[in-house]
Amino acid sequence: MDTALLVETVIKIVVILLVFSALAGFGTYFERKVLAFMQRRLGPMNVGPYGLLQIAADGIKLFTKEDIIPAGVVPLIFKIAPVITAATAFMAAAAIPFLPSFTIFGYEVHPIVADINIGILYVMGMMAVGLYGPLLGGLASNNKYSLISTARAVAVFISYEVVSGLAILAPLMMVGSLSLLDINDYQAGGITHWIAFSQPVAFILFWIAAFAETGRTPFHLIANDHELIDGFGTEYSGMRWGLFFIGEYANMFFISFVMAIMFLGGYGDGSVAGAFALLGKVAFFFFFFLWTRAAWPDVRPDQLMWLTWKVLMPLAVINVVITGFVLMF
Amino acid sequence: MLNEVLFYILSALILVSALVLISARRPIDAALSFIVTLVSIAALFALQGSSFLFATQIIIYAGAILALILFIIMFLNIQDKNLPDEPHKKRDITFSTLAVLPFTVVLISLINKSPLVDQALPYDLFGGIKDIGSVIFNDYLLVFELISILLLVSLIGAVSLAKEDKDVK
Chain E
2 MDTALLVETV IKIVVILLVF SALAGFGTYF ERKVLAFMQR RLGPMNVGPY
52 GLLQIAADGI KLFTKEDIIP AGVVPLIFKI APVITAATAF MAAAAIPFLP
102 SFTIFGYEVH PIVADINIGI LYVMGMMAVG LYGPLLGGLA SNNKYSLIST
152 ARAVAVFISY EVVSGLAILA PLMMVGSLSL LDINDYQAGG ITHWIAFSQP
202 VAFILFWIAA FAETGRTPFH LIANDHELID GFGTEYSGMR WGLFFIGEYA
252 NMFFISFVMA IMFLGGYGDG SVAGAFALLG KVAFFFFFFL WTRAAWPDVR
302 PDQLMWLTWK VLMPLAVINV VITGFVLMF
Chain H
37 MLNEVLFYIL SALILVSALV LISARRPIDA ALSFIVTLVS IAALFALQGS
87 SFLFATQIII YAGAILALIL FIIMFLNIQD KNLPDEPHKK RDITFSTLAV
137 LPFTVVLISL INKSPLVDQA LPYDLFGGIK DIGSVIFNDY LLVFELISIL
187 LLVSLIGAVS LAKEDKDVK
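Line order of the protein sequences matches chains E and H. Going by the numbering used here, the first sequence opens with residue 2, and the numbers climb by one from there. Going by the numbering used here, the second sequence opens with residue 37, and the numbers climb by one from there.
It is possible that some hints are incorrect.
Pairwise CB distance ranges (calculated) [said to hold, decoys possible]: (1) P123/H with W297/E: 46 to 52 Å; (2) A194/H with W297/E: 32 to 38 Å; (3) Q115/H with F103/E: 58 to 64 Å; (4) W297/E with I105/H: 32 to 38 Å.
Chain E stretches covered by chain H per the calculated footprint, using a threshold of three residues with CB under 8 Å from any CB of chain H [said to hold, decoys possible]: (5) 117-126; (6) 130-144; (7) 147-155.
No farther apart than 27 Å at their CA atoms in a straight line, the calculated lysine-lysine pairs in the BS3-like style are these [claimed, not checked]: (8) K34/E with K282/E; (9) K13/E with K282/E; (10) K199/H with K311/E; (11) K66/E with K34/E; (12) K145/E with K117/H; (13) K34/E with K62/E.
Hints are computed from structural coordinates only; laboratory data are not their basis. The beta-carbon is built from N, C-alpha and C at its ideal position, and this holds for glycine as well.
Make the full structure from the sequences, and use the hints.
Below is the structure:
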């Protein structure tokens, strides 16, 4: 293999890992502040100016806490489960173009680790495998709350994968490619070309499914604090619990990138303004996750299943059929 | 070079995890090692440039089927005392391995006789969705539709089996 390509890829992987691990930390601060302001509180204020150093304090706490392996768990599976969550979340990032390609010191950089021709399918696949984190963690924990949470996680993830998969099928039929770069280029040419306007149903469905796949309120049944403690994470402590956390927040960022690129035009023509527009859209989606958490209560598990199979999935199928007819005639 | 090293590592992983799959005592261990087998096979597909096969292998087998199998094992809540005694398990596995050995020899010689064996990997030639789609819908349309009908039948069967029985109350 070309050595320069190898070095470039390794650098990209390290940069993505560092940036998004840091962003996950910043995401928790942002979430606490946004929730606090929406509930007329101040949020974290004591550590540093406006509580900004709270992230550092939390990080030190997570890294230095004792890594407790409770009696009665299956040690190997218990230890490996959080790693699966974090690893699959970051593996999904490999096929996402984070910025348009730019030139630095006369060397053209493509901010995507691997431009594979099935990009979006790969991202969905990795997020599907991310299910094994909660699944194995809950199974190995020897705790009834963890087990209930695992049962819910499997049901929710598998159901909503169907919805998100069928939802993106219709836009993909229009674009004719699974690569996120091609999907972005398809929408180049201004706001009127955004897929969100030609495929509003698919956009809304995928957005709803994104809430379920990241386990956010109103579909936060996986680790619903008042009935399941912390769900599959109940028995975890220290950095192993932190890995679940990083995985969840990284997933939120990555699915925001996927939504911004698939439906809201991505970085457009690739100019500097386009790059900032992409970051702005991602920030909006991330903020929307937090906003929903402040504004909506959780749904019941049976309502969640009813919503997937009896409302969202038929809508997605009808959308695919209509798109097919429109493309044909 | 790197590809060959990866190939042998993945093959070793597949063989070892498949062996664990049939020799494990607890069903959950077997299911977990089966995940390793399936993901390693997916990685083999990726190594050959069959990116679509790689993605479907991951999404369907690792993402859905194995998750459901684990789910069912979890709900059955099998205790160690419920597992059947298998005193001759090692002997059985050894003899069954010996029994399929001639077939394996035939299979290997058959693969070696194939004209494709010395061909370099058709990297990026096949494995995109366009190629697979055109092959399925042009050359194998009838088979594809028959499989679809089979899947539809099993789907309807599953729904009707799971449906609440109105007579029994």
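query: Within the stretch 147-155 of chain E, is the number of residues with a Cβ closer than 8 Å to a Cβ of chain H three or more?
result: With 4 residues in contact (Cβ-Cβ under 8 Å with chain H), the coverage given for the stretch 147-155 of chain E holds.
query: Holds or violated: K34/E with K282/E, Cα cutoff 27 Å?
result: Between K34/E and K282/E the Cα gap is close to 20 Å, so the pair holds against 27 Å.
- prompt: Regarding the pair K34/E and K62/E, is the alpha-carbon distance no greater than 27 Å?
  reply: holds (20 Å)
query: Keeping to a limit of 27 Å between CA atoms, is the pair of K66/E and K34/E held or broken?
result: Answer holds: K66/E to K34/E is near 25 Å, not above 27 Å.
field: K199/H paired with K311/E [C-alpha distance capped at 27 Å]
entry: The given pair, whose Cα atoms are some 15 Å apart, holds under the 27 Å limit.
query: Can the stretch 130-144 of chain E be counted as covered by chain H under the rule of three residues or more with Cβ-Cβ separation shorter than 8 Å?
result: holds (count 6)
- request: Would you check the hint for K13/E and K282/E, treating anything up to 27 Å between C-alpha atoms as holding?
  value: holds (22 Å)
message: Quick check: does the Cβ-Cβ distance between A194/H and W297/E fall within 32 to 38 Å?
response: With Cβ atoms ~34 Å apart, the hint holds.
message: Given a hint of 32 to 38 Å, does the C-beta separation of W297/E and I105/H actually sit inside it?
response: holds (34 Å)
- prompt: Has the given pair, K145/E with K117/H, been kept, meaning a C-alpha gap of at most 27 Å?
  reply: Holds, at about 21 Å.
field: Coverage assertion for the stretch 117-126 of chain E with respect to chain H, Cβ distance below 8 Å, three residues required
entry: It holds: at least three residues are needed, and the stretch 117-126 of chain E offers 7 whose Cβ sits within less than 8 Å of chain H.
- request: Could you tell me whether the CB distance from P123/H to W297/E stays inside 46 to 52 Å?
  value: violated (58 Å)
The structure shown violates just one earlier hint, number 1.
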